[in-house]
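Visitor: Given next are the chains, with one letter for each unit.
2 protein chains.
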Amino acid sequence: MVIELVTTGTELMLGNVLNTHQQWLCAQLTRAGWTVARQVSVADTAAEIAGAAREALSRADLVITTGGLGPTSDDLTRDSIARLLGKPLRQDARVLEHIRGFFAARSRPMPESTKLQALVPEGAKVLPNPRGTAPGLAIEVKPNPLRRGGASSWLIMLPGPPRELRPLFTDSVLPLLAEVFPPPAHHSSVTLRATGVGESLVQEKIERALRALTAAGLEIGYCSRPGQVDIRLSARGPNAANLVPQAETITRARLDKDIYASGDEELESVVVRLLTERKQTLALAESCTGGCIAHRITNVPGASLVLLAGLVTYSNDAKLSLLGVRPETLAAHGAVSEAVAREMAEGARARIGADYALAATGIAGPAGGSPAKPVGTVFIALASGRGTVALRQMNPLDRESFKQLTSQQALDLLRREILGYHGP
Amino acid sequence: MVIELVTTGTELMLGNVLNTHQQWLCAQLTRAGWTVARQVSVADTAAEIAGAAREALSRADLVITTGGLGPTSDDLTRDSIARLLGKPLRQDARVLEHIRGFFAARSRPMPESTKLQALVPEGAKVLPNPRGTAPGLAIEVKPNPLRRGGASSWLIMLPGPPRELRPLFTDSVLPLLAEVFPPPAHHSSVTLRATGVGESLVQEKIERALRALTAAGLEIGYCSRPGQVDIRLSARGPNAANLVPQAETITRARLDKDIYASGDEELESVVVRLLTERKQTLALAESCTGGCIAHRITNVPGASLVLLAGLVTYSNDAKLSLLGVRPETLAAHGAVSEAVAREMAEGARARIGADYALAATGIAGPAGGSPAKPVGTVFIALASGRGTVALRQMNPLDRESFKQLTSQQALDLLRREILGYHGP
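Residue numbers (the numbering used here), protein chains in the order written: chain A, 1 to 424; chain B, 1 to 424.
Just chain A, with the same shape it has in the complex (with noise of 0.2 Å):
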């Protein structure tokens, strides 16, 4: 099955934005166990936008667009395509009756340019938008006058806001697909996430050992971000519901304790996961992750069972004041210091009452740094019931990916803890 996507923007075009959609619906599908053939970007003009659709229809199977389905003057895309298919674009009733309820929802007056949002091509499929006005469209080609030997193929119209583009096709285009396509061939496939080890080190510790199920078909891919190495196994055919398994009990075995989630899990969610398991609290100190951490944490749903307060403490004052750090320590050690963390994370815990307290406090640069603590220094220290645990990492980033570093390697610490395993 061909699959091609066809992602619409000027602001694409113009390098004012990340193709995240391109990632996020290609990682999709090949969860799904389709792979994507092409991907193409155009600006939004008609005629860019049905050229780009006309190519695509004349290989594919399926065409996903996204974008151009608001309410603006450049939103060509529902008018570009229902032109290209000579399909006639008629309101839709209860899509109107969707948006009028979405201003109503929120006390807004709805702009008259909106109810353009409730036009559907003739005989195209409406996929619901929960979270915004322009609904998902769906249409059978059928014949494809654009393909060789008359096929057929499907065309889909997603928004191009993430917020809604992503619920709306795990809501509503992963069971079409489901529906109107044959099954995938045999895919199996599994994630595993690791910490605290790198993308090489990784590689080095697990490859060897797969080599006798690489040679029968599994493959490995790796994708890693600051502080996190994901590890995908899959394969295709009749023995891919054995190669896989297999592959995930060998790496397991050789990364451990580094592994720390599968699947899309985040580390926060595993650390929210399991204090809430444990009917266990939280507090946060934060000098240099700067509220990293609690913004982390409190993006996951029923992080108020567990998180009591964080503090984000960036003067040495609010160090004092806030947190109990001595005077004496700050003036002996600096702010970054193992001392000062130690005194972060305790004062949190015994102020705020939790049974557990992270702090860290470091250089995110881009200055600050010196011979001794270069720019990338950090002391994180977690205090709990059983005593005070601290550690010293280097991260040398800039000042995004180091807080982003930082909190993975705090929250890493916290989870080390929580399971027991001493030390990261």
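It is worth saying that the hints were derived from the structure and are not from the lab.
Any given hint might turn out to be false.
A pair holds if it fits inside one copy or across any two, identical chains being indistinguishable in the list.
Restricting the straight-line Cα-Cα distance to at most 20 Å, the calculated cross-link-like pairs of lysine to aspartate or glutamate (DMTMM-like) are [claimed, not checked]: (1) LYS115 <-> GLU204; (2) LYS205 <-> GLU248; (3) LYS115 <-> GLU199; (4) LYS279 <-> ASP317; (5) LYS205 <-> ASP75; (6) LYS115 <-> GLU207; (7) LYS205 <-> GLU112; (8) LYS142 <-> ASP61; (9) LYS87 <-> GLU122; (10) LYS115 <-> ASP92; (11) LYS115 <-> ASP75.
Everything numeric in this text was worked out from a predicted model, so none of it was measured.
Add chain B to chain A, keeping to what the hints say.
Guide: Chain B only, in chain A's frame:
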């Protein structure tokens, strides 16, 4: 001039990585005055690469490929393209010398397979790669048999690693383009960023007023994210340098205080800049945003000059003990209320001793709503020497978008207060 990009890599099609080359190359070419017409991603098989290159060459004056120049078995771009163009590959002595030197400088043995990277299609220019072993390759396809009319094209192959591709592009490709292509038509562009107003309302406010300019060639583009609409005004040709500033003046007059930045400046950067200029300080009291405001503020270099401390007070106890919210206020109004938001802001300001304190309390969901205060309800308060202002918002979004939008509204409340706009 028609430019197309072909980015190759199976990891792109599997959704393992983001296509950062697309954004980076498009941004560089836009800055130099050109526009990319199309970008295609394919897997790194010989057939897919040759197919994508053939189609791009049938349309474009310039085709740039990325990836597939390395020494491993899935590096097939050089070979596929040489075959497509009927150019034999010859070993280039200077490239081979560079590769030898590269390994020698690192005291590493030179694997035999790396010699492949010294193969150059007949007639190609070698673009040196000081950071790696595979050079870039530029071929003038003259005449181009794939194009109607037989016009000529250029095809440039770049290595995949960003740290190699980027300097090579800047040092060798841009000068080559300036030499072999006519200078691009006058191009002018500005992006204005608005907040506190939706995409359709922005359009209603400006498009009629800009009608004469769009008739003269002005292009308007929109890109919206939670709490933010980017308006891109651009034009080409001799008139561009007049049209865009006129359009900017009109747009600024219409949207007025809703515009918070131009270019790609983020709202948190604007706020940090305004506070820094005024030597003023900030404290945060976050409940429903869970550290998102602190995280955004501390992403800005120099944030430590303005942010004294942030308190993430998820639990009621933390609101009482850390912020001094009164138990009777909590009992009478509930944690999600204007009264509590005001006491959070005032408590944070008094206890931390900052010029401004921002507070947010609300229901992020998915659970916790009630008929009187459904999921999405938020109260934001800002305390300063001029008293306390508060506002109620309704943000019924998924959890992460809720936090992003609420933090945007809070930062905008602060921006307007600093600038003396008095309320949103």
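Visitor: Evaluate each hint against the coordinates.
Guide: Now the hints, each set against the structure:
1. LYS115 <-> GLU204: Classified as between; 14 Å across copies, 57 Å inside a copy.
2. LYS205 <-> GLU248: within (13 Å within a copy, 57 Å between copies)
3. LYS115 <-> GLU199: between (50 Å within a copy, 14 Å between copies)
4. LYS279 <-> ASP317: Only across copies: LYS279 and ASP317 sit 17 Å apart there, 33 Å inside one copy, limit 20 Å.
5. LYS205 <-> ASP75: So LYS205 and ASP75 pass the 20 Å test across copies only (17 Å; inside, 50 Å).
6. LYS115 <-> GLU207: between (56 Å within a copy, 17 Å between copies)
7. LYS205 <-> GLU112: Between. Shortest inter-copy distance 13 Å satisfies the 20 Å Cα cut-off; intra-copy 60 Å does not.
8. LYS142 <-> ASP61: The answer is within: 11 Å in one copy meets 20 Å, while 36 Å across copies does not.
9. LYS87 <-> GLU122: For LYS87 and GLU122, the Cα distance is within 20 Å only inside one copy (5 Å; across copies 50 Å).
10. LYS115 <-> ASP92: within (10 Å within a copy, 62 Å between copies)
11. LYS115 <-> ASP75: within (13 Å within a copy, 50 Å between copies)
The earlier numbered hints are all upheld by this structure, with none contradicted.
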